[in-house]
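S.K.: One letter stands for each residue in the lines below.
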Amino acid sequence: MGHVLAALPWIGPALILIFGVVLYPAVVMFYNSTRDISQSGVDKGSAGLDNYIEVFSFPYFWPIFGRTIIWVVVVVAATVIISLGLAQILNKAFPGRRIVRLAVIIPWAASVVMTTMVVYYGLEPYFGIINKFLVDVGLVDTPEGYGWTRNPATAFAWSIVVAIFVSLPFTTYTILAGLQTVPGEVLEAAKMDGAGPVRTYWGVVLPQLRSALAVAVLINIINVFNSLPILKVMTGSIPGYDADTIMTMIFKYIQNQHKVDVASALSVVAFVIVIVIVAIYVRVVKPMKEV
Amino acid sequence: MAVTAPAFETIGPPAASARKRRYTEDQVPIGKVLLRMLAGLIVLGIFILPYTIMFFGSVKTKAQIRSVDPTYFPVEWHWENYVNMWSTPETPLVQNLISTIVISVFATLLVLLVAMPAAYYTARFQFPGRMVFLFLVIVTQMLQPAVLTSGLFRQFLAFDLIDTWAAMILINSAFNLSFAVWIMHSFFAGIPKEVDEAAQIDGANRLTVLFKISLPLVWPGIVTAIVFTFVACWNEFAASLVILSTAGNQPLSVALTKFVGQYETSWHYVFGVSIVAIVPVVILFMLIEKRLVGGLTAGSVK
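First to last, the sequence lines map onto chains P and Y. Using the working numbering, you'd call the opening residue of the first sequence number 464 and step up by one each time. Using the working numbering, you'd call the opening residue of the second sequence number 371 and step up by one each time.
Pulled out of the complex, with its shape left as it was, chain Y reads as follows:
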């Protein structure tokens, strides 16, 4: 849900925002620093708490996690849960994991393939309808699959693509396209035109310029777009819930909800799978933390 974020014209190459003066003092008394560390520690604790509960739960036995007098910490560490959980009867978790990976990888690739040329061209060239196109991108960025699900459902039913990965790859890429276009557009716009022109005078065609000259310079923007798109696809829920009806086709986000309301939910397996699903994307997201602080919205908060 929260992954959508606006990006604007002047996000620019990394240096632009990082060098600005921070709202911090230079000389701080030690007591104040300790107070800040304490506040930081409390924040840290709150934000990792649910995931710590998840992790502890994932190494408990079913008897321990469903015990009427539960312990906060695992009494014994049952790492074998991470092997056994994949064959739980509620849902085919291995297929759900594969489904999540396939949909996210291909949707991200499609977004890159489609967004990069559009971002490059709109940043570099004026043409009639350019503003209309960019406006369209802005507006679609604010739309999410949830509100259009009934339309998507009927559409893919008519196209005979209901309950297929292809449908979810298309949906995920369409709804994440605009963010990728915006962020890459701003990076392309940040490269001086002269760099391109010099290469073109040397006889390189536009594609060569794009791949050999511009791409290395906008790499941080591309990485940000990739990570955002991938994480959004990885966690997508609303459209998958309706479009994918066969258990084996469903991603983990949808598959795991089947455990809720069961007579005897295998919470230790739910949490093991959750940890496996969460850790990689959290690491990916942390890789672009600097860009988040720099401000995905730098253009608008100037």
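Okay, chain P solo, but in the shape it has when bound:
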């Protein structure tokens, strides 16, 4: 048994970074959410709960809240379902599998901003390449296209597509790791018992993937909830608040309206949501076991 003081030189620097740059700003944020801060950044005293009242009384708040839920649920659900299929393909032996696996990594490593920008360009009227493809195959009538990125609803829908695409690699690889824990003997036993591939998958493989899926779902919920760049690129130039989520709204308060106090109040709301998800994560996944 060592002593706390003996440990400090080793863990001290990490503690300083965690307290100084993660937990302290959280405290600053909570404090600022109760202050009246001018557009130029001057603290003009206590605001009580005024900032929270402004957040909740904003007429677009509840639509934004609902859209945030749609954003998270649709992206995470679609990501997990597609990833289950992808992992099945990548787990089977075939020539060239390694190349396919490497290709699947690309959106994970590549900047999300840049991946989104190529889709944004592709959807542009007349010269966008995705738009041209849709015209060529007859899904869109005129080369003018649909104005995908000009209309909040379609821009948001395409943002969901991009968010799913960039979430697939992590999710697929987590499920792949889970698949490796399925014992071969159990699969053979299922085969002997005459279970077809579908029954084997539902009855044997999926239950084994439970904890891999728990990790994937929770990490994805956190990531997708916190995601800013996709919506910023795809819907950022659309006026109004018809394609915003809580996260993009926080940045609109900070950047467009220079209301750091109101942004802090909304951030606190977001922070509480994240903490609840983390609490569920710690309970479900039990990452502290066997430390």
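If you're looking for bench data, these hints aren't it; they were derived computationally from the structure. Misleading hints may appear alongside valid ones.
Computed beta-carbon distance windows for the label pairs [to be verified]: (1) Asn719/P to Thr616/Y: 10 to 20 Å; (2) Glu564/Y to Leu471/P: 25 to 35 Å; (3) Pro586/Y to Pro526/P: 50 to 60 Å; (4) Ile583/Y to Ser501/P: 51 to 61 Å; (5) Glu651/P to Ile583/Y: 39 to 49 Å; (6) Ile583/Y to Ile532/P: 49 to 59 Å; (7) Ser501/P to Pro586/Y: 55 to 65 Å; (8) Lys582/Y to Val505/P: 47 to 57 Å; (9) Ala536/Y to Gln718/P: 16 to 26 Å.
By construction, the Cβ of each residue, glycine as well, lies at the ideal position given by its N, Cα and C atoms.
Dock chain Y against the given chain P, drawing on the hints supplied.
M.R.: Chain Y alone, transformed into the frame defined by chain P:
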């Protein structure tokens, strides 16, 4: 966004997971193999498609890429775009590239410097508060700069570090620290204690043990931590957007968004810069592909 991943106690040295039986059959009929190859080919196509569009776009001229009847493939290959793009008027791209490199390199170094001793000590020694520390690491791993941006903004304003690389180096390292601690912790924990003890009996002090004995054994874990941290810093967007206001200080991820919504966006330059920014980190990430398959989450999916 997607780079955060949990790491757990039993990731262990490479051999542990790689040797497990795979969910694959031994004898497969040729038709089935061809079907799998076809499925693989479709997956490959989908995943490289956006980056292929990017690459083709990067060698088109502005007239070609903005043509009302665009061609899928470049008519001529204008490699000179990769030279000319750096002097585009929208944003100082050379400075943005330097900014990206400086912030990512120093943040990664800081993470290593801070995470390695913490990972080593918590894996090797019991001390009061060890569990509290590890719990703190787990929780911060789930927090991302985006949700704390307004706090970070006010904090660095108060510290007079707003709009500086230093601020972004600190933010990037703080938010990537926990992942690095976890993954290195699990590697250190995977080395038998006897190895350390034998060295200590021979008169080596703890630092010597760390650098001469343990480090070579945990090297794969360190490489994984370095790559993950570097790629996350390289692509960071939300905090940079708010903390860095001077165009020249901004990383490429923020600088490129200025092209969106312009009257005549120079998409061919956007894509040239994107290719330059994406290729190195994708190669880095591919180097640790084996660790990804082995499972960054091996401990939890056991």
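S.K.: Next step is simple, just say for each hint if it's right about the structure.
M.R.: Hint by hint, here is what the structure shows:
About 19 Å separates the C-beta atoms of Asn719/P and Thr616/Y, a value consistent with the hinted range of 10 to 20 Å. Hint check: Glu564/Y to Leu471/P, Cβ distance near 27 Å, so the stated range 25 to 35 Å holds. Between Pro586/Y and Pro526/P the beta carbons are some 56 Å apart, a value that agrees with the proposed interval 50 to 60 Å. The hinted window of 51 to 61 Å between Ile583/Y and Ser501/P holds, with their beta carbons roughly 58 Å apart.
Separated by about 43 Å at the C-beta atoms, Glu651/P and Ile583/Y satisfy the suggested range of 39 to 49 Å. At roughly 51 Å, the beta-carbon separation of Ile583/Y and Ile532/P lies within the given 49 to 59 Å, and the hint holds. As the Cβ distance of Ser501/P to Pro586/Y is approximately 56 Å, the hint placing it in 55 to 65 Å holds. Checked against the given bound of 47 to 57 Å, the beta carbons of Lys582/Y and Val505/P, roughly 55 Å apart, stay inside it.
For Ala536/Y paired with Gln718/P, a C-beta distance near 22 Å keeps the hint of 16 to 26 Å intact.
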